[in-house]
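One letter stands for each residue in the lines below.
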Amino acid sequence: MAFINASTAVNRVKLFIIKNSQAATPGTPIEADFYTAVSNTTGAATLTTAKDPILLGGLTDITINNSNGSYRWKQLDQSGESVITTNATNTLSSNFVLDPATFFGTGAGGGAAQDGIFKLSNDRIQIAFLVAPSGVIDDQTVLMGTGFISALAPTVSADSPVFLSPITIEVNGDYIRYKTTLAT
Amino acid sequence: MRTALLAYLTANLTGTIRVSQELPYEEGGAALNLKNPRRVYLNEPTTEVSQLLGTFDSDILEKITTVSGVLSVDAKQRNTDLDSALVILAAAKNTTTITNSFRNEFDYTTEIDAGIITYTFEYRFHSID
Numbered sequence: 005m006a007f008i009n010a011s012t013a014v015n016r017v018k019l020f021i022i023k024n025s026q027a028a029t030p031g032t033p034i035e036a037d038f039y040t041a042v043s044n045t046t047g048a049a050t051l052t053t054a055k056d057p058i059l060l061g062g063l064t065d066i067t068i069n070n071s072n073g074s075y076r077w078k079q080l081d082q083s084g085e086s087v088i089t090t091n092a093t094n095t096l097s098s099n100f101v102l103d104p105a106t107f108f109g110t111g112a113g114g115g116a117a118q119d120g121i122f123k124l125s126n127d128r129i130q131i132a133f134l135v136a137p138s139g140v141i142d143d144q145t146v147l148m149g150t151g152f153i154s155a156l157a158p159t160v161s162a163d164s165p166v167f168l169s170p171i172t173i174e175v176n177g178d179y180i181r182y183k184t185t186l187a188t
Numbered sequence: 270m271r272t273a274l275l276a277y278l279t280a281n282l283t284g285t286i287r288v289s290q291e292l293p294y295e296e297g298g299a300a301l302n303l304k305n306p307r308r309v310y311l312n313e314p315t316t317e318v319s320q321l322l323g324t325f326d327s328d329i330l331e332k333i334t335t336v337s338g339v340l341s342v343d344a345k346q347r348n349t350d351l352d353s354a355l356v357i358l359a360a361a362k363n364t365t366t367i368t369n370s371f372r373n374e375f376d377y378t379t380e381i382d383a384g385i386i387t388y389t390f391e392y393r394f395h396s397i398d
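Protein sequence lines correspond, in order, to chains A and B. Mapping to my numbering: the first sequence position 58 is 62, numbers consecutive. Mapping to my numbering: the second sequence position 59 is 328, numbers consecutive.
Among these hints, one or two may not hold up.
[Claimed, not checked] Below, a sample of chain B positions facing chain A; criterion: calculated Cβ distance under 10 Å:
(1) 307
(2) 310
(3) 314
(4) 317
(5) 318
(6) 319
(7) 324
(8) 331
(9) 333
(10) 339
(11) 363
(12) 367
(13) 371
[Claimed, not checked] If you anchor each label on the Cβ, the simulated ranges turn out as follows:
(14) A:7 / B:323: 48 to 58 Å
(15) A:183 / B:323: 50 to 60 Å
(16) B:398 / A:74: 22 to 32 Å
(17) A:30 / B:371: 52 to 62 Å
(18) B:397 / A:68: 52 to 62 Å
(19) B:371 / A:70: 50 to 60 Å
(20) B:305 / A:48: 34 to 44 Å
(21) A:110 / B:305: 53 to 63 Å
(22) B:315 / A:7: 16 to 26 Å
(23) A:111 / B:292: 45 to 55 Å
(24) B:284 / A:46: 57 to 67 Å
(25) A:118 / B:292: 49 to 59 Å
Hints were generated in silico from the structure; no laboratory data involved. For glycine and all other residues, C-beta sits at the position ideal for the given N, C-alpha and C.
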């Protein structure tokens, strides 16, 4: 049985975020909006500087939700209910360790990395994302889409002296499934 | 860590119980703390690194630096400032010159042998690595 390997250096899960308005085609992000090149040897991605992406580090887990709705009805000529799926609720949820640079941003008035995760959420700015379940080396399946950041709740405790926060991307519409091509 | 502890203890243990700058080695088959009672000896620090939080890219690691020490005093004739010396030993874990730890611990055990009571103590400093 094959499986999605997310444990090696080149296959680690990655989550890229840019402002939707900075995508080449807002609403339909492409791979090059997030990174221009990837090393197949190390798995490291060269970020697309012009789009100012955030590569969210310190992810402790990630859940890709694609929850279809359903409509059920009963017919007199059938013993069981009939069903059809309706529009899906798509969300991407994760927990991450806060890095001040990515959380609070590195500047102001620019792209996603300059604004930081908190401002993107607080200002309800539509984002475009790319989540790579097994890294972004060549020929890996990634999911892209647009949405809004929510559910931030940074927490620190005596036993866990680094800030940890959940994050949810409320996906706007469908996921875009794509095979990576920029790695060499 | 050892240097900071030595500096704090040297400045505060000024009664009959003092601090030695030497490591607690053995000389002529006898441990220094038994040969020189009423002297606090601190060992070289040891470190232990473990995972505090696992992440996909770089784990958050916890480093525990341990400094052990020893003090022997006469069990038959208790030093009058022994209690205050033990308070100072415990307070040394919070010396302000150790700044990067998020949890500081101190504990000790005692053992009496041949009229000598030996306090074996340990400082543990937890920090993010």
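Against the structure, the hints come out as follows:
Interface restraint check: residue 307 (chain B) against chain A, minimum CB-CB distance 37 Å, threshold 10 Å, status violated. Below 10 Å, beta-carbon pairs count as interface contacts, and residue 310 (chain B) has none with chain A, the closest being about 31 Å; its hint is therefore violated. Given the 10 Å rule on beta carbons, the hint for residue 314 (chain B) is violated: about 21 Å separates it from the nearest Cβ of chain A. Hint status for residue 317 (chain B): violated, given a least beta-carbon distance of 17 Å to chain A, over 10 Å.
Hint on residue 318 (chain B) is violated. Least Cβ distance to chain A is approximately 15 Å, over the 10 Å limit. Using the Cβ-Cβ criterion of 10 Å, the hint placing residue 319 (chain B) at the interface with chain A is not satisfied: the shortest such distance is roughly 13 Å. Annotation: residue 324 (chain B) was flagged as interfacial toward chain A, and the flag holds, the nearest CB pair being 5 Å apart, inside 10 Å. Because the closest C-beta pair between residue 331 (chain B) and chain A is about 9 Å apart, less than 10 Å, the hint holds.
Restraint check, residue 333 (chain B) versus chain A: the minimum CB separation of about 13 Å is more than 10 Å; hint violated. Hint on residue 339 (chain B) is violated. Least Cβ distance to chain A is approximately 30 Å, over the 10 Å limit. Interface hint status for residue 363 (chain B): violated, as the beta-carbon distance to the closest one in chain A is roughly 16 Å, over 10 Å. Residue-level restraint check for residue 367 (chain B) is violated (minimum Cβ-Cβ distance to chain A is 15 Å; threshold 10 Å).
Of the supplied interface hints, the one on residue 371 (chain B) holds, with its beta-carbon coming within about 4 Å of a beta-carbon of chain A, less than 10 Å. The given range of 48 to 58 Å is broken by residue 7 (chain A) and residue 323 (chain B), whose C-beta atoms sit roughly 19 Å from each other. Under the hint 50 to 60 Å, the C-beta atoms of residue 183 (chain A) and residue 323 (chain B), about 28 Å apart, miss the expected range. With their beta carbons about 49 Å apart, residue 398 (chain B) and residue 74 (chain A) fall outside the hinted range of 22 to 32 Å.
Here the CB-CB span from residue 30 (chain A) to residue 371 (chain B) is close to 44 Å, at odds with the stated 52 to 62 Å. A hinted range of 52 to 62 Å is violated for the C-beta pair residue 397 (chain B) and residue 68 (chain A), which are about 30 Å apart. In this structure, residue 371 (chain B) and residue 70 (chain A) break the distance hint of 50 to 60 Å, their C-beta atoms being roughly 40 Å apart. Range check, residue 305 (chain B) to residue 48 (chain A): Cβ separation about 57 Å, and the 34 to 44 Å hint is violated.
At roughly 57 Å, the beta carbons of residue 110 (chain A) and residue 305 (chain B) sit within the given window of 53 to 63 Å. Judged by the Cβ atoms, the range 16 to 26 Å given for residue 315 (chain B) and residue 7 (chain A) is violated: they are separated by roughly 40 Å. Restraint check, residue 111 (chain A) to residue 292 (chain B): a C-beta distance of roughly 51 Å satisfies the suggested window 45 to 55 Å. The supplied range of 57 to 67 Å is met by residue 284 (chain B) and residue 46 (chain A), whose beta-carbon atoms lie about 59 Å from each other.
Look at residue 118 (chain A) against residue 292 (chain B): about 52 Å separates their beta carbons, and that is inside 49 to 59 Å.
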